[in-house]
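Asker: Listed below are the residues making up each chain.
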Amino acid sequence: MAVMKGQRFIALQRLLLLSGLVLLWEATTGGFVPGWKLFETALLARPSLIAVDLVDYAQSGLFLTDARRTLLEAFLGLFFGVTGGVALGLLFGYWRTAAAVLEPVMVALNSLPRITVAPILILWFGLGMTSKVLLSLFTVFFVIFFNTLIGVRSVDPELVKAVKVMGGGPRHVARMVVVPSVCSWIFAALRTSVSFALTGAVVGEFVGSSSGLGYRMLLAAGLLHTERVFAIMLILMVVGVSLVEVSRRVERYLLRWSPGFTGM
Amino acid sequence: MRFHQGVEALRDVGFEVRSGELVALLGPSGCGKSTALNAIASLISPEEAEITGKILVDGVDIRERAGWDGNLGYVFQRDTLFPWRTARQNVEAGLEIRGMKKAERQRRAQELIDLVGLTGFEDYFPHQISGGMRQRASLIRTLAYDPQVILMDEPFGALDAQTRMILQAELIRIWAAQRKTILFVTHDLAEAITLAERVILFSKRPGTVNRICEVPFLHPRDPFELYGSKEFAEFHADIWRTVSEEFRGGAREAAWPS
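Chains as they are written, first to last, in the numbering used here: chain A, 235 to 498; chain B, 259 to 516.
Pulled out of the complex, with its shape left as it was, chain A reads as follows:
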């Protein structure tokens, strides 16, 4: 009961703080006293006008096209990034020669700031969706790849022994030990991957595109249409938070056996 009260109190405090900040923002951008403002509204848009623009944008039909495009890019990037990461992670995990030879390459590619490949991808694959899907894929791939690799390498030999003693063959070892063990590492990387995928798609659109949320945002910034920039940031924030929350719940369910998730 005390905990509930505490939580409700914190929620209330958060709400008050947020409202306070928005009101302050509104006031300093000329929302209450006409003619008086602390910030140039071309640089810091007024919250009420952002809201109006958000509605405009939503009603224009552009929003649906843009959002659909960006989300599709992120989703495809996530899908292929995870698939590729798992496949190559397994390959490296079991094929030691390949791992020994190619691991420095993977480490080097991984150290490369992901976004730096964006221009070359645009150059190679044009302004369409492919280049964004690939950038998104590239950002997701390494997270999943390295986690899969660690997963394969950290399979508990004692558990393998236990299956063998029970009379299990390689098939049973795979099903009872290796797959669940590797999956736990992959699931643990899913949350990060989801937000990486979205980042990849949006940044790809920044660099060169003809549609999508990132493209629309860059366009608005160029026209000093600051309300639109903030509106899209708000949209991306909501999308990001929702996706991460969904993957957190999926992860919590799938890893419910893990000690780290007790009581959550």
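Misleading hints may appear alongside valid ones.
Claimed, not checked - The calculated lysine-lysine pairs, modelled on PhoX-like cross-linking and capped at a C-alpha distance of 25 Å, are:
| id | chain 1 | residue 1 | chain 2 | residue 2 |
| --- | --- | --- | --- | --- |
| 1 | B | Lys488 | A | Lys395 |
| 2 | A | Lys395 | B | Lys312 |
| 3 | A | Lys395 | B | Lys438 |
Said to hold, decoys possible - Listing some non-contacts, in silico: residues in chain B with all C-beta distances to chain A over 10 Å:
| id | residue |
| --- | --- |
| 4 | Arg276 |
| 5 | Ser287 |
| 6 | Leu484 |
| 7 | Glu504 |
Calculated from the structure, these hints are not laboratory results. C-beta: ideal position from N, C-alpha, C; glycine also.
With chain A fixed as given, assemble chain B onto it according to the hints.
Answerer: Frame of chain A, contents of chain B only:
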């Protein structure tokens, strides 16, 4: 038996275990008791170590028989439950390997779960139950597929004294009822003579059989009663003279490895 890295783990180890017997292997840490168990379980590959001599099961060398083929149970020191499986699913693992139907598997698992008092915890994951419960689950996971021989490597070593005694009592009860052949490794003399009909005393490395003694107490024993008894104390003191020398040597060697 010698590992290829150069350590001779066991030398001239010869002993026999009768069918249905509960035998303890007692010795200081590092004397090769666990290695002996692993050799018996065919868990030591020829690439790891050279085993000269024979490990006979029903008169046939286990290495010629191509392993135990699942007719062996092994309860490890650290419970080796699958963390992603519930207690029940863990107990069912060996039956799953044998391709038993789900309904039958569940019935068999439930029987054993009830037998060791894990009822109500079937759907808990290993990290949600206590160490004692986890070892109970490990034990019945092994019993579930009804192996001919069960090897136990200090299975109660990580438990507190009270839980350990409760589990010793349970092991005795189960063994008395099912008469499995059990080879139980421990470094605890009291545990060895509480459980076993015979104690095989190992010397320090390279491990070899120092002495084999019959334990005079009648089965089924009650560890709680036995511990306080005069006969127990006398027998314990008698064997302790031999054991303590080995243990002292083992400690010295562990502290200053050559």
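Asker: For every hint, state whether the structure bears it out.
Answerer: Do the hints match the structure? See the list:
no.	hint	verdict
1	Lys488/B to Lys395/A	violated (42 Å)
2	Lys395/A to Lys312/B	holds (22 Å)
3	Lys395/A to Lys438/B	holds (21 Å)
4	Arg276	holds (22 Å)
5	Ser287	holds (18 Å)
6	Leu484	holds (31 Å)
7	Glu504	holds (28 Å)
Checked against the numbered hints above, the structure breaks only hint 1 and satisfies the rest.
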